[in-house]
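Based on the hints, put chain B in the right spot on chain A.
The listed protein sequences correspond, in order, to chains A and B. The opening residue of the first sequence carries number 1 in this note's numbering; numbering runs sequentially from there. The opening residue of the second sequence carries number 1 in this note's numbering; numbering runs sequentially from there.
Among the hints, a few may not be true.
To be verified - Result set (EDC-like, lysine to aspartate or glutamate): computed pairs, CA atoms no more than 20 Å apart in a straight line:
1. B:Lys166 / A:Glu176
2. A:Lys419 / A:Glu388
3. B:Lys265 / A:Asp24
4. B:Lys438 / A:Glu13
5. A:Lys304 / B:Asp318
6. B:Lys370 / A:Asp9
7. A:Lys413 / B:Glu16
8. B:Lys265 / A:Asp37
For the record, the hints were derived by calculation from the structure and aren't laboratory data. A quick note: this is a predicted structure, and the numbers were derived from the prediction, not measured.
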Amino acid sequence: MRYLPHTDDEIEEMLAVVGRKSLDELFCSVPDACRYDGVMGLPEPMDEWQLTAHVAQLAEAMQVNHTYNVLIGAGSYHHNIPETIRTVMSRSEFVTAYTPYQPEMAQGTLQGIYEYQTLVTRLLGMDVANASIYDGASALAEGLLMGLRVAKKKAKVAVSAAVHPHYREVAKAYLEPTCYEMVELPVGPDGRTDLSGLATIGDVAAVAIQSPNFFGVIEDLETLGKDIHAAGALFITSFTEPLAYGLLKNPGACGADIVCGEGQSFGLPRSFGGAALGMFACRDEFVRNMPGRLVGQTQDLDGKRGFVLTLSTREQHIRREKATSNICSNQGICTLIAAMYMSSLGGSGLGELARLNYSKAEYFKAQLRAKGAKIVFDSPTFNEFVVEFKEDFRPTYERLLAKKIVAGLDLGKFYPEHKGRYLFCVTETAAKEIIDAVAGEVKP
Amino acid sequence: MSTTNIPGANGIIQNEPLLWEKGKKGRRGMCVPASDVPEAHFPADFQGQGVDFPDLSEVDVVRHYTRLSQWNYGVDTGMYPLGSCTMKYNPKINEKVASTPQLAAAHPMLSDALVQGNLQIMYELQEYLAAITGLPGVTVQPAAGAHGELAGMLIFAAYHKAKNSKRNKILIPDTAHGTNPASAALCGYKPVPIKSGPNGILDIKSIAAVMDEETAGIMVTNPNTLGLFETNIREIAEIVHAKGGLVYGDGANLNAVMGIINPRKCGVDVMHLNLHKTFSTPHGGGGPGAGPVCVTEELSKYLPSPRAVKEDNTYRLDYGGPESVGRVHAFHGNFSVLLRAYSYIRTMGAENLKKASQLAVLNAAYIKEKLKGTLPLAYNRPCMHECVFSDALLQEDKISTLDLAKRLIDCGYHPPTIYFPLVVHGAIMIEPTETECKEDIDQFIEVVKMIVREAKENPELLRQAPMRAKTRRLDETLAARHPCLCG
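Just chain B, same shape as in the assembly:
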């Protein structure tokens, strides 16, 4: 394939300065209404000197952000096989639902009777997530996955405190999500790292060896970050429960198993979900997301408050009892994200959600099978929604995983997640999701094969990549050594 015949890599790239490098004093980009009241005197003691923002016209601003947007790559642009991130298609109808004027204009402090529509949506979404996880207590307040983890750890702490049980450790496997240790540490837990077994999953003995009555529990990502199902999860949960601990399920990878596994039956007590992964809400270049937390009946009283409840066909906010861990968000979390997820679940229904998981796994398994002769597989076991390769072959040609990733950019793809999980050397973690069709996946596979050939035949193509993006490779070391964080 010649460099001019690469799918998706051509385009016009405009230059655009920083906001304050353009505009002219006296321009205005939006209307300030004319005053219909007398101008009031403001006490000089408290008055500032005015804010140094650039003055821009409406056209200046619109063109600025339009150009910026064109330097970006989104799911709507093309395949985004970032492992662990579930970059599936973000349905457009969800955006319309989220901007419904009656719902989007609601003030969060209005009394319950005035906002029945929004409360009904919160309540029903709680019910749907309970049905999906088998865990009946749900809060939709956490604003992101890590925020859900924190809420979950607050619940762990409250539970153990109520039991008068002092516990200061938590088990975290090396195949868990990267945020887990930091979330646990916020609640004073010291993470005890657990090595996964030789087949990439946890073995029962390694848990039994360390689980004790000073350990609050375990945080398991299942399927794990190698894309493997933790087959021993029930036995592990039994060991943890027997010592008075709790099992946290990181639900970031739920997209592999909706309607297929029941987290409750796996022994999970607390689980967060990432609505911006599994339930199709867009990631916005870093948020907002939503990280609802689902718990067992027994732990429901510890959930953050308030939650929506239904009584006699009306909805109200319930503030829980003294056991609740309290608030984790000023209001009801990222409500506009909840609306999108609600819209998605109502569109899909149970059968299609299950089918989505099956196809997500099929796509990953297909890529694994087709690429396993090209790149070395980290673990040759049945994979779930993602597959992980190592850089062992690339290294022979002195090519890094990063080089391969950057070359994929030139070929019109967002690269997979790289160098994670840490247990795989130079990891290349591919999660295609169910919304990629077979011919697009076939094309991606062909491009990866081409790049691996190039690594031998023309390695400079990889080392110099990207050549066709907005910038060439950026110097991250310089950025960290001489921080320039504002202009």
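Same shape as in the complex, but just chain A:
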């Protein structure tokens, strides 16, 4: 076996040193009643070439593969990924390193994360960003728990119903065994969160709004933020599509206290939903309540700049049960990938790409409207929007699937009131011909 370097002679030699007669004898401290009976029921081992052939078969079993145009976003976006990222970010010095506990031999990872933190604060208009949470959903859950810690003595959090349904499910699971309650805020006919009931809820530590929200609608964060603060609650914003902030006013400028979202759009493949990247940022005054790792700048004995993990007294290995979170391993390499993506685009490139995504979606809307379809929410959207067709869309969906186009996501599973309506997403990867092909199949 090529990963196991020991020869039989070496095993004998080493056993002699440790005073054992066999490999089995190394486990003399294990009682018989704890032992595995027989051999583990696993398939026979495969060599590299057999495995490659096997994986090719599995790949073939994917009816929708990389040659399809998948016009679904909903928390996972298809953007172009430059080859530089695959090549440089697969360097094993990055990939095969552990968490940077020995900073002098992990300055690559540490400077890389410090740069990531900085770019994220600039993107979101916040003071501090951490070194990542697992994904956008767990970032929201952590954000809500942080809001409860900061607010102290309040028992509720309110979350917009236009927040990604899976994110709300995760938040609910995290809060379930605690004494805290999560209430949902309704969505108005314009596709935006309706805050009018907030005052009657009472005891609310924090309110979470996603923008662009699950329907692609850009929330009026500035107004919402003012109302939420006026109600005495912290303002948490969430996002699934960070590219939008190449164009939109950032959450910090709109008064957000905590911002948590998904960074997959920045250089990570969809990969069936993971590896993802939970981005997490807050205002300076809350940093001691922040979950997760932080990298900070310092200097070495010669006064030379360097980077270390810092403020770890918030964390599980020091603070134990009083830690701000239990998170330990996070999404390390994904932060470097996102930072490389952000720096490859640059400020001007980010704006240009965001504008292109916006224009594609507007063009798509116009083509669908021309066919008599209704764009359900007329508020501004980013690269996603909800469509209602005159007739059952399913047959059209099937025809498009045969043309290797996955035409949107039926919202019925998530919002029964929107059954039969479809959430569409177009990014820079959707050519005009594809958009035209979809519109072309829609019966006027």
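For chain B alone, coordinates are given in the frame of chain A:
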């Protein structure tokens, strides 16, 4: 050994500024496609002022990250004997499998019929992990070990709630993993610390004395963080079960015992595994990992949803019933990590996984035996995959564990885990893993012996170390006192 003749310690170290200290406005490092649609008007009310990212060329970016990578040390660079972290070799074929275009391009919200390949992999991986742990219910959703612990604690809470049993405490030994108390606390459990016995393992009496009907159960790391097998695990599990509690097995140290022990037979009800440790997926400088959770048949209904199931040769996602604790991840966890672990298990098979555990233990036992005259052993018992020494001898020369660790950097090694577990003073926790060959281990042993000699003969070499890394010793106190978290 002279300072110029240290294995692995030479090299060119380039300087490289921060991203925003280089570049020029107007440069671009990647293509933005030309637009093929009319430019749409964006409402000014919502428009931001543009993001202040540096503009860099493709070469700027590539060189930047290449240089950064060269300041790092990975498993591919050399031995990485970090105790409790299982830094084994990360096979390259796994990377290729994870990037298979058909699998990696899959959108997580596609309907089941369109993604049969990915569902088959999820399903089969669940089955393999069930076979390895003896626990038949498996979720692969948790994204890291601590995330698996949280999922496990959510299952504990759901189980007790269904039984109408109010429990607010949990037993956590001092030799358990550091994340355990924080994971339990997230579910409202107050950790009750349990002292390990004089021989480094739990004794039955200390559990019997505190286990009661207000206690949800126990979280045991086995082998524990001293590298010792908890010999009394079955008796402990019986005590916990008799009081209506559950047993959580922290599987972070599974690399010692694959195919050798059966966690189910040990009385474990819930167990997470770290695919980024035992199953060879790379750690990425801090993630992504994966922390699948395996449970007994009885607890399966509480597992997070959805899970992959197989019916009539097709695969689908099953969303479970109302008892499920729900979702812990937006989609299916770190799927790309699952692909790598799948690839590893298919490459290894049952016999080689068992052999891997045997060799991991052999390597650790060998280091323990060879170094026990040089450094004081914390507990002189048969060790599993790691061995733990104390700083008692170093202290005589006013040398700290940290000094020894930093000197190892100069000698071309990643240091072991230090100052953990807390029960050992100045702990030095060495986990070589099975993928280190005998001559590399012999060389490591020689280097540790050399450093311990240096501690007497030339202690400044240790106190000033590292001298040959990218930076000299970094001031962590300064970083914490005056936080500078972004530039």
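Status of each hint after checking the structure:
Of the pairs offered as hints, the one joining B:Lys166 and A:Glu176 holds, with about 14 Å between alpha carbons and a cut-off of 20 Å not exceeded. Under the criterion of a C-alpha separation no larger than 20 Å, the hint pairing A:Lys419 with A:Glu388 is consistent with the structure, at around 9 Å. A distance of roughly 19 Å separates the Cα atoms of B:Lys265 and A:Asp24; the hinted pair therefore holds under the 20 Å criterion. The suggested pairing of B:Lys438 with A:Glu13 holds, with an alpha-carbon distance near 10 Å, which does not exceed 20 Å.
Between the alpha carbons of A:Lys304 and B:Asp318 the distance comes to roughly 55 Å, so the proposed pair goes past 20 Å and is violated. About 18 Å separates the Cα atoms of B:Lys370 and A:Asp9, which keeps this hinted pair within 20 Å; it holds. For the proposed pair A:Lys413 and B:Glu16, the alpha carbon gap of about 50 Å is over 20 Å, so the pair is violated. As the CA atoms of B:Lys265 and A:Asp37 are separated by approximately 10 Å, the hinted pair is consistent with the 20 Å bound.
Hints 5 and 7 from the earlier list are contradicted by this structure; the remaining hints agree with it.
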